[in-house]
Each structure stands twice: as structure tokens, then as C-alpha cells.
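Residue numbers (the numbering used here), protein chains in the order written: chain C, 522 to 744; chain H, 389 to 751.
A couple of the hints might just be wrong.
Said to hold, decoys possible - Pairs of lysine to aspartate or glutamate, EDC-like flavour, derived with a Cα cap of 20 Å:
hint, chain 1, residue 1, chain 2, residue 2
1, H, Lys741, C, Glu595
2, H, Lys741, C, Asp596
3, C, Lys679, C, Glu553
Since the hints were derived computationally from the structure, they do not count as laboratory data.
Please read these numbers as outputs of a predicted model, since none were measured by experiment.
Take a look at the letters that make up each chain.
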Amino acid sequence: MAANIIETGGLTRSYGDICALKPLDLLVAEGEWLSVMGHSGSGKSTLLNIMGGLDRPSAGSLRVGTEDLLALTEDGLARFRREYVGIIFQQHHLVPYLSAVENVMLAQYFHSVPDEAEARSALERVGLGHRLQNRPGELSGGEQQRVCIARAIINSPKLLLGDEPTGNLDHKSTLMVMELLKELRAEERFTVIMVTHNQEVAAWGDRTIYLDDGVLVREERNK
Amino acid sequence: MLLAVLAMASSLATALGIVSFSMEKRVAEEVRKYGANLVIIPETARITVGSGGLNFGEISEPAYLEQRRVEEVLAHSGLKAEESFHLRCPLRFRNGDIVAEGVDFVEIRRLFPWWQINGAWPTAGEVVMGSDLAARYGLKTGEMVELAGPDQTVHLRISGTIATGGEEDGLLFLSLPELQQVSGLGGRLSTVRLLVTTEGENLRQKAATLQAHFPGAKVSEVRQIARTSEGLLAKVKLLMVLVTAVVLISAGSSVTGTMSTTVLERSREIGLMKAMGGTRWGVLLIFSAEAALLGLLGGVAGYLLGIAIAQFITKTVFAASSGFSPWFAAVSVGVSLFLALLGSLGPMISVFKLDPVRSLRGE
Chain C
522 MAANIIETGG
532 LTRSYGDICA
542 LKPLDLLVAE
552 GEWLSVMGHS
562 GSGKSTLLNI
572 MGGLDRPSAG
582 SLRVGTEDLL
592 ALTEDGLARF
602 RREYVGIIFQ
612 QHHLVPYLSA
622 VENVMLAQYF
632 HSVPDEAEAR
642 SALERVGLGH
652 RLQNRPGELS
662 GGEQQRVCIA
672 RAIINSPKLL
682 LGDEPTGNLD
692 HKSTLMVMEL
702 LKELRAEERF
712 TVIMVTHNQE
722 VAAWGDRTIY
732 LDDGVLVREE
742 RNK
Chain H
389 MLLAVLAMAS
399 SLATALGIVS
409 FSMEKRVAEE
419 VRKYGANLVI
429 IPETARITVG
439 SGGLNFGEIS
449 EPAYLEQRRV
459 EEVLAHSGLK
469 AEESFHLRCP
479 LRFRNGDIVA
489 EGVDFVEIRR
499 LFPWWQINGA
509 WPTAGEVVMG
519 SDLAARYGLK
529 TGEMVELAGP
539 DQTVHLRISG
549 TIATGGEEDG
559 LLFLSLPELQ
569 QVSGLGGRLS
579 TVRLLVTTEG
589 ENLRQKAATL
599 QAHFPGAKVS
609 EVRQIARTSE
619 GLLAKVKLLM
629 VLVTAVVLIS
639 AGSSVTGTMS
649 TTVLERSREI
659 GLMKAMGGTR
669 WGVLLIFSAE
679 AALLGLLGGV
689 AGYLLGIAIA
699 QFITKTVFAA
709 SSGFSPWFAA
719 VSVGVSLFLA
729 LLGSLGPMIS
739 VFKLDPVRSL
749 RGE
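Using the sequences provided together with the hints, build the complete structure.
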């Protein structure tokens, strides 16, 4: 049985009087694909941001790998994000004036040293070897998301987080992206945590948890 | 946009700096046209007149400067000046006295450029007569005049007349050595007029320096011109400094506004960099480097533009070239860099504090 890569204990996040995440205890095994579902405002993106070191919990404990995230400073969290995490956003957030390969190299810049050959290789892996010099505006939605995936995995993260990565894609592109993620997970063995409101997308994961008003109300193993 | 603002600001600072730098020389050249700005006059000796216990009052006896002493002092003073030596004394003409002034006509042509001779400038054995004097005696150019001193008489030809509207119109001008000989006042001077270059040191200080060497004389500024030139120069320099300051403050505000807009427009990009693991200082460094690069480019462009503007100003105002000042390139780049970084300070603080989650959400 795989060790747990993520352990939370009473994890809470409040914004003033609003409690976005009520005390949550959660374990995620190394290499697992966890889908997080819930309606808007259920706290799923909040949970993802906290696990990715982008946000700090108000209370509780959170360990990712060997890192106690609550004990990290701002710069410590930045280092954690650099070394542990790759993020795929719903809106891609590609830099519009950089080409596809330059967008991927941007992730390398903060991690180590930009390496164009490595970036090209990552793009070829996601099927965009012929679109290296194109800017985001010249790519389709699915292609942009694949650039995003290449950017997220270029530094070999242990944790790949996806915040509704297929939210803006059509059905065909969604399938393409999910197939790609499945292949990459099999090769790279990273842990995936994916937020989605799409049942079909959630079913790609090993397990799905359901949040409602910041509370974990249900979890189930996917076939 | 930011590059244009920085280039314009640094070009104006450069242009005004170059113009100000070359202006002292230009103003000195312009003021030169108005003649001497310092004059040395011997203190008049006063003698009490009386007899048998009666006091009839005081009379003044003409006093003179020793020419050799004056030449020595001026040679050793280190003063940069053009000089004109004058001797004024009466000579007998027909049955009366006329006032004659001995001068060096070469010096006169340099120091008194407004003199226009109706006729020709005199050579040896010739004189220039004031127009009023000529009219009084019914004399014309080409006629001979007989002038007598205490021991000598000379016959000189009138080469031309002069009409300035000033006291020159009532005088007779001949060469200094000639008058010194006829009048028996060899080696004596009545006044010395100087056109001192006023670059740097104040004219009043130079007058004081000279005064120390002439205890029996009075060294005075030709006040109106001296004050006008120094006062004018100081005022124009102050105006340029104030205009430059206003331009730089405006440019600084514009830089701040532009950088704030840039940070706002690129807030998602900043959030993305932080999400990917960029530290606050690391991301700040990227944007600061961008601002510095723009400052550098703006400074170079501003220097080239500034030279062109300075040339235009000095050609238009002084009909002269402003010259080439390579060290102003450092000034231009320095000003532009300073503006870019100072103007970016506020926006950079925003970059530092930016929350990646909120910025990626578009808040």
C-alpha cells in the first residue's frame, strides 16, 4: 500500500465570517488520482489552493510529502510550489506574448535553468511538437491546455493540481486532455488532484470526494 | 509609452543642461557688445584753497594712474579681460580749450563695437572728432587742426567724425602716445576700461581683487551692464532648473501611472509567476529589471534627442552651436534610470504584495 503524500488534520479556511473550508481530515496516497467535486462555493478550489501552497489555512495541519506547509514562510511556500507542484488552470493563464516553448521555459526559469531542448521535448510529449513557436492566440483551447500541461510537468512535480482543467474545452478536447493526463501519470507517477464539476471527468480519477459548503460529505472509489 | 516618457524627460533634462552649460559663454559674448563692465578711475586729489587765515574752499586737482603700474597689475592679476587705456586732458585749439582723449584705436574697436566713424579710422597723425565738436567749429573730415599742449604744438588731420549720442560727440580722439607727448603727461592715464569675462567668479569679487592693487584709485563695476548680465544669467539658469524640475516631476508621475497600469494589466502574469514558484523578490527583480532596461534605453534615446533640441535652442537664440558634450550621456541615462526606478517604486510594492490566488481569479 502506497504511503500518504498528503495528510490534513482539521484543515480550515475562513475569510472573515465566511468559513470556506470547515475542519477537514483527508489522506491522499502517493500516486493517487483524486477528483474533488462540489457546486460553486463548496470549497473545492480553496482546498486545492491550500494543498498547492498558494493559500494558507486558518487552522489545522497539512503535510505534503515531507513538508509541513503551515510551518513554511512565504519564500518557503514558493520553494514548495517550485519543487513539488505543477498546476493546470481552467483559464490556462499562458503568457500571451510568449510562444508555446517560451511559456514552458517560464516554469523552468523559477525552478532551475531554462532549457529549450527540454521544453521542446515536453511539448512534443503532449503532441505539440509542430506548434512550438506559436503564441497562445494562435492555438485552440485544447492546444492551449496541452501547453499548460507541458508547463506543469516540465519540472517533474510530485503533485499535479488541476483546477477545472477541462472547464472551457469541448467534449473531444476534454477526452484528449484526460487521456494525456492518464498516460503522463502512468509514466511520471505523480499524484493528481483535480477539481471538477463534471461527473465524467471526475470518473477518470481513482477516488472522488464531494464537498458541500466546505464539508466533506461523501467519498467513493471510482471503477 | 513608458519608453517615450523616459526619453522625453531625459532629453529635456539633457537639452536644458547643455544649453545652461554653454549659456555663460553665450551671454558673455552677447554682453561684450555693450562694452566695458569694469572701470578704474584715480581718486581725485582735493586741495584746500585759502590765504591769510581765509578759507575759500576746496578744489580738486586732476589725478592720474601710472600706465606702467596698471600694465603690471593687469598682467599679474590673472584676470581675463580686454582693456582700453584712456587719457583725457585739455588742449589749446584756436583761442580756447577743447577736451582731447588719447586712446588705442585697436582697443577701441574691440571694446566699443557700436562706434561708427563717419569717414575712416585714424592712422598716425590723424584724429577723430566728435560730431558736436566738429559742428561747433565748422570742421569737416580731411581738414587739419592745430592742437597745443604746454610745450608742444601738433598739426593733425581729421580722418572722420563720430556721433554716438553720448559724451564722445563733444571730444577729440587721438592716439594715446600722441596725446601723452603733446600734453606732457607721458605714462599717465585718466581711466582704464575693462571687459572682464564673467564666467564663474562674480564680477564684484574681481573688482574687489583689483581694488586691492590700486589703493589710490576706484575700481567700479559698470553697474547696469554687470548687474544685467549676471542677474540675467542667474535668472535664466534658475528658470531652466525649475523647468527641468517640473518636467522631471511630471515625468515621474507619468512613469508611476504607466507602471501601475502595467502591473494591473499583467497582474495575472505576476500571479502565475508566483504560482509557479517565483519568490516575491524574484518576481520583483524581473519587473525592476524591465524598468531599469527601459530607463537605460530611454536615457540613450533622450541623450540623442536632447543634443538635437539643445542645438535647435542655441542656434535659434544665440545663432551658435551648442557643441558636443559626451558626458551628458551619463546625465541623461542617470536621469532616465532614476525616474524609471523611482517612478516604479509604488507599483513594485504592489507586485511584491500581490496575492497569486486573487490575481489568477481576476480580482
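Quick rundown of the hints versus the structure:
| no. | hint | verdict |
| --- | --- | --- |
| 1 | H/Lys741 x C/Glu595 | holds, 11 Å |
| 2 | H/Lys741 x C/Asp596 | holds, 13 Å |
| 3 | C/Lys679 x C/Glu553 | holds, 11 Å |
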